[in-house]
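Colleague: If you want the building blocks of each chain, they are given just below.
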Amino acid sequence: MSDELRVNTDMNVNRISDEIWEIPMSEKSGMLVPARIYATRNILQSINSGVFDQVTNVACLPGIRRYALCMPDGHWGYGFPIGGVAAFDAQEGIISPGGVGYDINCGMRLIRTDLTLADVQPHLERLMTELFRKVPAGVGASGFVRLSREEFGRVMTHGAKWCVERGYGWHRDLIRMEEGGCIEGVDASVVTDHAIQRGINQLGTLGSGNHYLEVQVVSNDRIFDLATAAALGITGHEQIVVMVHCGSRGFGHQVASDYLKVFEKSMRRYGITVKDQQLACAPFRSPEGQEYFSAMNCAANTAFANRQVITHQIREVFATVFGQSAEALGMELVYDVAHNIAKVERYPEGELVVHRKGATRAFGPGSPELPEVFRQTGQPVICGGSMETGSYLLVGTDHAVRDTFGSTMHGAGRTMSRAQAKRMVRGGELQEQMQQRGILVKAVSMSGLAEEAGFAYKDISEVVESVDRAGITKKVAELRPIGNIKG
Amino acid sequence: MAWTIRWLEHIAMADAAFEVDASSAEEVVRGATQALIESLANPVTVSGGWERSIERTDGDISALLFDWLSEIVYWKDAAGVVFREAPLTLAQAGDLWLLRARLIGAPVDYQTQELHADVKGVTKHLYHVSQDAGQWKALVVLDV
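Top to bottom, those sequences are chains A and B.
Everything in the first sequence is counted per numbering that gives the first Met the number 0, starting at 0 for the first residue and increasing by one.
Everything in the second sequence is counted per numbering that gives the first Met the number 0, starting at 0 for the first residue and increasing by one.
Just so you know, these hints were derived from the structure itself, not from any lab.
Ideal Cβ positions, reconstructed from N, Cα and C, are used throughout, including at glycine.
Be careful, since some hints might not be right.
Stretches of chain A that chain B covers, calculated by requiring three or more beta carbons in the stretch to come under 8 Å of a beta carbon on chain B [what the hints assert, rightly or not]:
{"id": "1", "segment": "75-85"}
{"id": "2", "segment": "134-140"}
{"id": "3", "segment": "152-165"}
{"id": "4", "segment": "178-188"}
{"id": "5", "segment": "225-239"}
{"id": "6", "segment": "463-470"}
Work the whole structure out from these sequences, hints included.
Modeller: Here it is as structure tokens:
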């Protein structure tokens, strides 16, 4: 077997370690820092050419510090690659909607239960049917929560706290969410009417694409760190857990679109040029930069609220199907974490605006930013695989804080286009195949289902191994799907 | 019809991209509109009943098409509808392009409509509208 590195770029890619690869500043005019990709050799060789181009474009943005990073689940995005992490000086640097993504605070949520596979299997069909009915998904779906504009304003400013105050959840849920489910101090007046109109009816909906609600099983032999798993409520013994992947829906997308337009105009005034119009940005301290930051945080709060309302619905369905209250079923939140967001964080370089786009914050044990409940374990990291394989629960490490601005991967990452996946399998056929393998799927769109086939994604186990071996996250448990709802 | 749509697979792997070739600016807008409508749902399965008249002007055809497609995505969420058709005209008056369209569709109905992707945004990724020797081209990447 040849040792020659075969990557999809003409740029020089240097090996730093078995899981870290660097593109030096000499490879593109304008790079202010090197670019680094976290991946095994095998994954690196499968990464598409657009990622190399995009991560080096990010390295050219004003005020960037240390490295432009890409995680092993990286793939071609808009402006920034998906899986991209970049930190900019809070005084001299920029903020860019392209570094956050359109689906602001797209994120993952994991709910534990005391139920086992033996408890759930006989009721799986009814459980999934009820979940499909109660958690709207797909094109144009609207939720059951009807809001006035004034009340939607409170969702924007209070996030998941608003939900808990309205009875959609428990107070103790909030401690198990990044930022406590509410980013404080936002100014909702910077959000456009268009964004509000798109989002006002969507609270409690999944959306489509790669968003899903999944019922999963945790087996003893797939727990890698028993003590940490136990501390997070994961006990194994074929334990049932529920995972949710979704974000701020149309609202967040409109916020991103609105401010990309604003930044395209203001960049000229600030003398900023970018290598891709999707990298449109503004100085973080400029009025435009601060307005986007506030609007983005409104969308982030709305996403926390969205996942909280969905959690409420999930608890209601489980309580109905199993004839016990959600409390009695042990349906506690394990964690809720964003993977499309920009945050101001402190590092040795000073205050930085850390952009994570398809990347998860992964602070290590003892981090003062973490609530007491996670000080021993480190920040939980929830990584969704394809609906056919598995997902992972991990925790952050001190290495991540040192090496990657406290960041890690977020999912498997696509390797195949949606059209190609649809050519390879029909939705109905895939649904049947999965059912034979013990995974019950309910989907609004059969073509959408085919697009999300497992073979269209990287092997999540290898992606997870990359970050585990690189030391930026530690594996806790693998979660195997038995039921999936897709838009 | 004087336009063709080509779906592009190898750009924006996680999303949907298309290129429209047309004989006029008006036809390129029609083609791009049709591609977006079809991305959301099979228009044949969508009845009427919901309708909006929309007018847009811009000196830049590229900006006009971008705003128009974004408007379709907006109404999908704001009104909870998918679309059957969007008859439109595009005229040039001096330096300005004027788009007049009727967006026709129906509320989302999982039972009767063949729904496709929930397009969340029109992106500027590789986006362009161009004209060469009388042929018009538009490349659009949709975020799904």
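Colleague: Hint by hint, note whether the structure agrees.
Modeller: Outcome of the hint check:
Given as covered by chain B, the segment 75-85 of chain A passes the check, having 5 residues with a CB less than 8 Å from a CB of that chain where 3 are the minimum. Here's how the segment 134-140 of chain A fares: 4 of its residues keep a CB closer than 8 Å to some CB of chain B, so the rule of at least three is met and the hint holds. Counting residues of the segment 152-165 of chain A whose CB lies closer than 8 Å to any CB of chain B gives 0, which falls below the minimum of 3, so the coverage claim is violated. Only residues whose C-beta sits within less than 8 Å of a C-beta in chain B count toward coverage, and the segment 178-188 of chain A has 0 of them, not enough to reach three; the restraint is violated.
Residues of the segment 225-239 of chain A with a Cβ under 8 Å from some Cβ of chain B number 0, which does not satisfy the need for three, so the listed coverage is violated. Here the segment 463-470 of chain A counts 0 residues with a CB under 8 Å from a CB of chain B, which misses the bar of 3, and the coverage is violated.
Comparing the model with each numbered hint stated earlier shows that hints 3, 4, 5, 6 do not hold.
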